Amino acid sequence: MIPNTIQITPELIESHGLKPDEYARILDLIGREPTFTELGIFSAMWNEHCSYKSSKKWLKTLPTEGPRVLQGPGENAGVVDIGDGEAVVFKMESHNHPSYIEPYQGAATGVGGILRDVFTMGARPVAAMNALRFGEPDHPRTRHLVSGVVAGVGGYGNSFGVPTVGGEVEFHARYNGNCLVNAFAAGLAKSDSIFLSKAEGVGLPVVYLGAKTGRDGVGGATMASAEFDETIEEKRPTVQVGDPFTEKCLLEACLELMETGAVIAIQDMGAAGLTCSAVEMGAKGDLGIELDLDSVPVREEHMTAYEMMLSESQERMLMVLRPELEGEAKAIFKKWGLDFAIVGVTTDTLRFVVKHQGEVVADLPIKELGDEAPEYDRPWVESEKRPVLKAADIAEPADYAEALRTLVGNANGSSRRWVYEQYDTLIQGNSAATPGGDSGVIRVNGGRKGLAFTVDVTPRYCEADPFEGGKQAVAEVWRNLTAVGSEPLAATDNLNFGNPEKPEIMGQFVGCIKGIGEACRELSFPIVSGNVSLYNETHGQAILPTPAIGGVGLLPDVNVRAKAAFEGEGDAILVIGGKGTHLGASQYLADVLGREEGAPPPVDLSLEKRNGQLIRQFIGAGRLTAVHDISSGGLGVALAEMAMSSGIGATVKVKGPAHAALFGEDQGRYVVTVPQDRVDAIIEDTLDAGVDVDNIGTTGGKDLTVEGILTISVETLREAHENWFPNYMTAKR
Amino acid sequence: MKTAVIIFPGSNRDRDMFAALELITGSRPQSIWHGEATLPDVDLVVVPGGFSYGDYLRSGAIAARSPILKDLVSKAEKGVTVLGVCNGFQILTEAGLLPGALMRNAGLNFVCKEVLLETVTDATRFSGKFQKGQVWRCPVAHHDGNYFADAETLKSIEDNGQVVFRYADGTNPNGSLNNIAGVMNAKGNVLGMMPHPENLVEPLHGGLDGRLIFESILAAA
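As they're listed, the protein sequences go chains A and B.
Just so you know, the first sequence maps onto residues 1 to 733 in the working numbering.
Just so you know, the second sequence maps onto residues 1 to 221 in the working numbering.
Just chain A, with the same shape it has in the complex (with noise of 0.2 angstroms):
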């Protein structure tokens, strides 16, 4: 047992992650030495991971209102209404430390927290996906994450019974100190019924449900808020493990709660426990809490109250009731199997009061706990801008169908099939698009309309040009709904990135956070959640800047929309948009030529929002066969994979230099296909439109022919695109 009266030491104060100038402004704040106790408390509060303090001015730049946001950030998740008096509910979130040390739990528990997050809002979850970055497969370390990190991830949804129904999984070297796990959810509630963290009423109850607190994760948020080096087997305490099946009665108890009109507040202990959840209620409400840790159900003997505070045990939530219902809340939570205690109580002092056996071992001012944490403005450095690439200065390959066949059959284009047959894509009945697709689109409750999920990000644009970078991730996410026919409603960002305290690293932080921001005005596409994971570096080295991007769209009706396989042969093939030119940055120049060079495609968001409108216009009046947005690998890739999800070939004729035209990744372009028949009236008004389009050619057969270019079998595009992944997971090491 740790008593608390252990000497503060500098090497203890810097081991709880405080810098000096941090701890001076403690003990200004309190005018004494904090308790062990409080300093844990303070470390827990004022990381990056909770309190966003190097972040949080740049994230006051995003675009967050729209005429459907009913709640943007600073709740457990972003609240956007769809008609109906309902309303969808999600947020993306990183748990990227915990999951490169365990992999398994660090997925899992990255799963359970954003399923709670958004349960906690009083919605039932709907929807996961999950953006996954590894390092380059032949890291030694590499497979062994991939492994663990899926079947986990997998392991948390499935037993929870949430379906996957989409995401990324990308591979680079950049990523070989540090994985990537954001894991997204979303969830539909009551647009009249959201529930919210800000505690409210004196002298209430404060209840603790849900699993009992353990010795897991103590000091898992403080963790995350450091580089890595090679003391890292030794942070494997700080993972928290996860427990799905007390999730799932978990959320079935809270939902019966909330029914009851018992729930006044609530706020889910995710990172930094209790110690989080009852300063942010506090807080958010402008009162104080005073807890009684004698009451909180523990799992293990002899726990601290440094231990209790810090703990991240998983499956837990805390509550403000209405006492009157008290009775009626416990027989709830008696019927799941899941602890109730009331562990404390609400003051109008504005302190955060923590008692232990008798002692008071915490008095703190909540505000500055919580919303009055410190804030940096940190120094930086705009990134350097890269030259643009000519077409011309660019090789073309030795065999275009052999680069085909690489492009769709190496780590970053092959199928991710092997990925998300692990995942559980079809419970509840309402998946209509799963995922392999541009987006991934559910039904919603059983009635007519439809949500389309999708995630997003290029790092290697953003790595070369932060802004155009961000304005990209924003960009190709509308794109992605857009491209299976529903409206893009609001998105969430999860932003990860190196060491903030290097002026470079920070740099690209601001330079992308510029255009997510531009993108999102431009686009009315409003930032409603989100999430910052900054210290992802490990000896020195960043990964790659990654904002992560989620989109929700909505489809009037589920069965009206478009998918990204050809429908049948004869069909023409158009491209709306433009035609492929820029070469720089692009995965053919990465993964053929093996150079990561050049500036990224620059992204006219004007004409993305018309083109994207067109299609939609399209696709609602039901007028194409098939439609993919054209991206990484440009139209030769599109292409392939519209042939390869159907089992149907193709035959075009491409302009200009062929490299170009066919792995070009100029923004804001779509295959569509369209019944001969309706051709000319299609061509028609897409002109009319004042957008670009070209007929490039038919569908049939069984080969992908680009006329005096390539032919190439879509069964040999297939089993390349099929096999790496399989291939690679089970290769001797």
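If you're looking for bench data, these hints aren't it; they were derived computationally from the structure.
Since this is a predicted model, take the numbers as computed values, not measurements.
Here a beta-carbon is modelled for each residue, glycine too, at the ideal position from N, C-alpha and C.
Be a bit skeptical, because a hint or two may be false.
[Unchecked claim] Here are the simulated DSSO-like cross-link-like pairs (lysine-lysine), alpha carbons at most 27 angstroms apart as the crow flies: (1) A:Lys702 <-> B:Lys78; (2) A:Lys502 <-> A:Lys579; (3) B:Lys187 <-> A:Lys449; (4) A:Lys502 <-> A:Lys385; (5) B:Lys70 <-> A:Lys334; (6) A:Lys198 <-> A:Lys60; (7) A:Lys235 <-> A:Lys609; (8) A:Lys579 <-> A:Lys385; (9) A:Lys235 <-> A:Lys190; (10) A:Lys198 <-> A:Lys334; (11) A:Lys335 <-> B:Lys113; (12) B:Lys187 <-> B:Lys78.
[As the list claims (entries may be wrong)] Derived list of chain A stretches under chain B, where covered just means 3 residues or more per stretch with a C-beta under 8 angstroms from a C-beta of chain B: (13) 158-165; (14) 581-588.
Following the hints, complete the assembly by docking chain B onto the known chain A.
Just chain B, lined up with the frame of chain A:
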């Protein structure tokens, strides 16, 4: 047709099953909490999929000791139709209502995909609407679906015509012996199967193949 669905802590395909039963029978099934002592008088009792008790100990093992199981066993003995899907199949084997056991998938991973099933016999109350030998599409989603029985049991269920569905055309996703996907008790009123027919019953699901099981039960009731 009157139906009931048993809910355990950790059941998670109960809502899918409710929707499918309501769609096909035209009436809402009754929801029965596992802690209750008796089942209502219905034509069909369904034990749905999920992770009852988190699959802790062994999948289905803890749920098979739930209070409601006593009445389920006695109703089954009286001839009431019982369908266990996925975790429901695991629970029914753990409860001794069905022969054999479900082990971890041969590939060790959870698997969610579409497979093909062959209807081995149309002479049961679960398969009357199929053609004998009919091959149909059905999704699976499980971690422990690898059907195992000792040689003697296997021979007897094969000889008695208790194997109703097999994985067809090399689509066995889990290593099940004899490609067994669905098996009945000797009396023919209790069926357990790993695949999820309830997830392929309307156009949104991309097919209607799963309906035939429910329509068969409806026709036999």
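Hint-by-hint comparison with the structure:
A distance of roughly 57 angstroms separates the Cα atoms of Lys702 (chain A) and Lys78 (chain B); the hinted pair therefore is violated under the 27 angstroms criterion. A threshold of 27 angstroms between alpha carbons decides the hint, and for Lys502 (chain A) with Lys579 (chain A) the separation of about 39 angstroms lies outside it, so the pair is violated. For a cut-off of 27 angstroms, the pair hint linking Lys187 (chain B) to Lys449 (chain A) is broken: about 45 angstroms separates their Cα positions. The suggested pairing of Lys502 (chain A) with Lys385 (chain A) holds, with an alpha-carbon distance near 18 angstroms, which does not exceed 27 angstroms.
With a C-alpha separation of about 23 angstroms, the suggested pairing of Lys70 (chain B) with Lys334 (chain A) holds against the 27 angstroms cut-off. A C-alpha spacing of about 20 angstroms is found between Lys198 (chain A) and Lys60 (chain A), which places the hinted pair at or below 27 angstroms, so the restraint holds. Between Lys235 (chain A) and Lys609 (chain A) the CA atoms are separated by roughly 46 angstroms; this puts the pair beyond 27 angstroms, and the hint is violated. For the proposed pair Lys579 (chain A) and Lys385 (chain A), the alpha carbon gap of about 25 angstroms is at most 27 angstroms, so the pair holds.
Distance check on the hinted pair: Lys235 (chain A) and Lys190 (chain A) sit about 41 angstroms apart at the alpha-carbon level, beyond 27 angstroms; violated. As the CA atoms of Lys198 (chain A) and Lys334 (chain A) are separated by approximately 26 angstroms, the hinted pair is consistent with the 27 angstroms bound. In summary, the hint linking Lys335 (chain A) to Lys113 (chain B) is not supported, as the alpha carbons are separated by about 34 angstroms, beyond the 27 angstroms threshold. As the CA atoms of Lys187 (chain B) and Lys78 (chain B) are separated by approximately 10 angstroms, the hinted pair is consistent with the 27 angstroms bound.
With 4 residues having a beta carbon nearer than 8 angstroms to a beta carbon of chain B, the region 158-165 of chain A meets the requirement of three or more and the stated coverage holds. Coverage of a stretch by a chain is defined here by at least three residues with a beta carbon nearer than 8 angstroms to that chain's beta carbons; for the region 581-588 of chain A and chain B the count is 0, and the condition is violated.
Hint compliance for this structure: hints 1, 2, 3, 7, 9, 11 and 14 are not met, and every other hint is.
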